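Asker: These are the residues of each chain, in order.
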Amino acid sequence: MAKIEFLNVTKTRSIDGEMRNVLDDVSVAVEKGTILAIGGPSGAGKSTMLRLANRLESATSGRVLLDGVDISTIDPIRLRRKVGMVFQLPSLFPLTVQENLTYGPGLRGVEPSSLEAKVREMLDMVDLPDLSPGRLAGELSVGQQQRVAIARTLMNEPEVLLMDEPTSALDPATAKSVLELVCDIRCRYGITVLFVSHSLEHSKLVGDRFLLIVDGRVIEESDIEAFFLGPSTELGRKFLAGELK
Amino acid sequence: MEYISLSYASLGIAVLFIISAMAVSFRYRLGLEKDLAVGAVRAFVQLTAIGYVLQLLFVSERWYYVVGMLVIMLAAAIKNAVARQSVTLKGMFTTLGISIFVGSALTTAVVIGIILRVKPWYSPRYLIPLAGSILGNSMTGAALALNRLRSDITHRKPEVEAALALGATSRQAVMPMIRDALKSAMLPSISSLMVVGIVHLPGMMAGQIIAGAYPVDAVKYQLMVVYMIAAAVAITSMMVVYLATSLFFTPDHMLKAEALGST
Ligand SMILES: Nc1ncnc2c1ncn2[C@@H]1O[C@H](COP(=O)(O)OP(=O)(O)O)[C@@H](O)[C@H]1O
Ligand SMILES: [Mg+2]
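Residue numbers (our numbering), protein chains in the order written: chain A, 1 to 245; chain B, 1 to 263.
To be clear, the hints were calculated from the coordinates, so they are not data collected in a lab.
These numbers were taken from a predicted model, which means no experiment stands behind them.
It is possible that some hints are incorrect.
One-sided and incomplete, this derived list gives chain A residues near chain B with beta-carbon spacing under 8 Å [to be verified]:
{"no.": "1", "residue": "Pro76"}
{"no.": "2", "residue": "Arg81"}
{"no.": "3", "residue": "Arg152"}
{"no.": "4", "residue": "Asn156"}
Think of the CB as a built atom: it goes at the ideal place given N, C-alpha and C, for glycine as much as any other residue.
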């Protein structure tokens, strides 16, 4: 689908009145159709990295490229349809499931009534075949809500999917099934996925490659198997041993 | 019809009201005696001063005095609306200023020029009290709409960002919050439409009746006043929510972090 690349990306933020680099010269390339698992201690800059990729925020310096095109030259509305995002909390609108799913296409003028088959297909895709689209989103369990949130993002037919700890609000069993879902989505649609998780287990289950960031800096970027067999850096070993929090 | 002119001596007797309120405060140790005294003196000084200013306007009948007075009232309304914001952001003064100006100027112009056909248009007897009432309500509506919009966007930030991430423009993303803010700004003027005449006789109508107007005439004025207030509030708060989008978002449809504080 699409390749996404970070080139010397730095993001500076004012935190408690002082300017800090929350991302510091980050460079990484994610090939089409691969899943990059991103790990690192809390506050390392993982969420910030994702938010730069769909321009919810802008980089202080450096560039993010989508299929070679600098995303700062792409209209943010068009970019965000291509680069979808799923958040830690489902953040559904206080509307019905159907209305949540048709929201994205509706923004560009697609008639909600013409989307019934697609809504059905997406609910099947996220393993909610029996869910009535007329249900209010707020009535669903958190696990169901997160699946609906994923389906809502898929309705835009994105080429890249940014997932910011999508499993951390879920119980272990539900989390597992959502992880399987992420793999299914990649296989079915060939979407490139950036998957942030604080769980090493979850990263290992979904990732093709692994990126470790600590204090805004890239520590390692490697094949997922290779990382779990033996990190090549001291910080990587510490992280794997659970010594970095 | 003549009305009973109030002498300062008779007004002095009304001070007893304040003293009785002070007695209540003293009896229950509310500690409000000083506030009551200061409040009574302030009210006296402020109202007396404005009385002389209005007297001057009425005698001189010069359009530029009247307009000057309106500008001062407008500035005070804008300042007050800004002061009522629980968080102050760059650009709030402009947003509130333009909205209050447009909302009240439009409504006042229709009332003075088309409904009452006041001649000359700047006749302070009509323009000052009507514009004052419109400005006061525009100010309250504007302050309410902006406060509500900002706090809703802050509290519902995940929902706003989810909408942005799905390709919504900033305006589309905050549309639910815009609607709630508009509703909360407009509801007070709508509920006053519902209870006017039942729960209370509005001050302007009471004043007219005391001054010798026929109650039915005073009622017609009052109707015009409540209708014009509803319109002024609606126009002003609509302008506020539309202009306010740029306070919270960059032109690239990103939420301004500094506008909402960190989460
Ligand atoms: N909206 C914000 N305002 C100020 N600082 C923020 C904001 N969001 C994140 N930060 C700070 O930026 C740094 C990186 O945060 P983040 O990218 O969320 O880390 P992670 O997702 O890896 O936990 C942290 O120090 C965090 O406190
Ligand atoms: Mg995070």
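Asker: Evaluate each hint against the coordinates.
Answerer: Hints, one by one, checked against the model:
1. Pro76: Hint on proline 76 of chain A: holds, closest Cβ of chain B at ~5 Å, below 8 Å.
2. Arg81: holds, 4 Å
3. Arg152: holds, 7 Å
4. Asn156: holds, 6 Å
In this structure, none of the earlier numbered hints is contradicted; all agree with it.
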